[in-house]
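Visitor: The chain contents come next:
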Amino acid sequence: DTAVSQTPKYLVTQMGNDKSIKCEQNLGHDTMYWYKQDSKKFLKIMFSYNNKELIINETVPNRFSPKSPDKAHLNLHINSLELGDSAVYFCASSQHFGSTGLSGNTIYFGEGSWLTVV
Amino acid sequence: GQSLEQPSEVTAVEGAIVQINCTYQTSGFYGLSWYQQHDGGAPTFLSYNALDGLEETGRFSSFLSRSDSYGYLLLQELQMKDSASYFCAPGGGNMLTFGGGTRLMVKP
Numbered sequence: 001d002t003a004v005s006q007t008p009k010y011l012v013t014q015m016g017n018d019k020s021i022k023c024e025q026n027l028g029h030d031t032m033y034w035y036k037q038d039s040k041k042f043l044k045i046m047f048s049y050n051n052k053e054l055i056i057n058e059t060v061p062n063r064f065s066p067k068s069p070d071k072a073h074l075n076l077h078i079n080s081l082e083l084g085d086s087a088v089y090f091c092a093s094s095q096h097f098g099s100t101g102l103s104g105n106t107i108y109f110g111e112g113s114w115l116t117v118v
Numbered sequence: 119g120q121s122l123e124q125p126s127e128v129t130a131v132e133g134a135i136v137q138i139n140c141t142y143q144t145s146g147f148y149g150l151s152w153y154q155q156h157d158g159g160a161p162t163f164l165s166y167n168a169l170d171g172l173e174e175t176g177r178f179s180s181f182l183s184r185s186d187s188y189g190y191l192l193l194q195e196l197q198m199k200d201s202a203s204y205f206c207a208p209g210g211g212n213m214l215t216f217g218g219g220t221r222l223m224v225k226p
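Protein chains in written order, with my numbering: chain V, 1 to 118; chain G, 119 to 226.
It is worth saying that the hints were derived from the structure and are not from the lab.
Here a beta-carbon is modelled for each residue, glycine too, at the ideal position from N, C-alpha and C.
Among the hints, erroneous ones may be present.
Unchecked claim - Here are the simulated lysine-lysine pairs, BS3-like style, with alpha carbons at most 25 Å apart:
| hint | chain 1 | residue 1 | chain 2 | residue 2 |
| --- | --- | --- | --- | --- |
| 1 | V | Lys40 | G | Lys199 |
| 2 | V | Lys19 | V | Lys36 |
| 3 | G | Lys225 | V | Lys41 |
| 4 | V | Lys40 | G | Lys225 |
| 5 | V | Lys9 | G | Lys199 |
| 6 | V | Lys19 | V | Lys71 |
What the hints assert, rightly or not - Just some of the chain V residues that point at chain G, by a computed CB distance under 10 Å:
| hint | residue |
| --- | --- |
| 7 | Val4 |
| 8 | Pro8 |
| 9 | Gln37 |
| 10 | Asp38 |
| 11 | Phe64 |
| 12 | Ala87 |
| 13 | Phe90 |
| 14 | Gly104 |
| 15 | Tyr108 |
In isolation and in its complexed conformation, chain V is listed as follows (with noise of 0.2 Å):
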């Protein structure tokens, strides 16, 4: 079974266009997170949700809108696509915000979502 799926795998779209990633968790985690990976490999956060609650909105443009409609899931839109937003995103979920001390708190991440923007 997987664990965070995100769909589409690949997303091919021009300039101008709108469009959606999906995921979904199936480990019943209470936090639910939006990361960027561009073409040298950095790895960014751009959305974290709790319980359906945004708490974590890095500086992104506001073409970029999550919604969480669950708490298994959480959306990620994107308005007027431009060429820089080409990159692989993941979702993600750790069973709770922050950390608990000596655990930590395991991120698991999606395959990812590799959008090109033509």
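Dock chain G against the given chain V, drawing on the hints supplied.
Guide: Below, chain G without anything else, positioned relative to chain V:
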């Protein structure tokens, strides 16, 4: 503020030992995680250090010195399948910070 430094690339031969260093600066630090990512794949958890010292998991070990804001990942008996990117991720302020990772290339 937050900062993170690790080498961008390391090359080693099969069977060797390699150490990937990580220095960080983050507020509210609570521990250091390491993740592995193969090309085309997702990052996967390797290890976590909350306390100073060495944690061993099979061929991989991870070390943390909180006072030096420094850690490393030690990979022993390198295998070709260890070729991947390795991310250190300091935890602080309730979140992990990832960077560009270290690309490890293992040669025969």
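Visitor: For every hint, state whether the structure bears it out.
Guide: So, going through the hints one by one against the coordinates:
1. V:Lys40 x G:Lys199: holds (21 Å)
2. V:Lys19 x V:Lys36: The hint holds at about 15 Å.
3. G:Lys225 x V:Lys41: Holds: Lys225 of chain G and Lys41 of chain V sit about 21 Å apart, inside 25 Å.
4. V:Lys40 x G:Lys225: Distance of about 22 Å is within 25 Å: holds.
5. V:Lys9 x G:Lys199: holds (24 Å)
6. V:Lys19 x V:Lys71: Holds, because 22 Å separates the two Cα atoms, which is no more than 25 Å.
7. Val4: holds (8 Å)
8. Pro8: violated (15 Å)
9. Gln37: holds (9 Å)
10. Asp38: holds (9 Å)
11. Phe64: violated (18 Å)
12. Ala87: Violated. Min distance 13 Å.
13. Phe90: holds (6 Å)
14. Gly104: Since the shortest Cβ distance to chain G is 4 Å, the answer is holds.
15. Tyr108: The hint holds - Tyr108 of chain V has a Cβ within 10 Å of chain G, the shortest such distance being about 8 Å.
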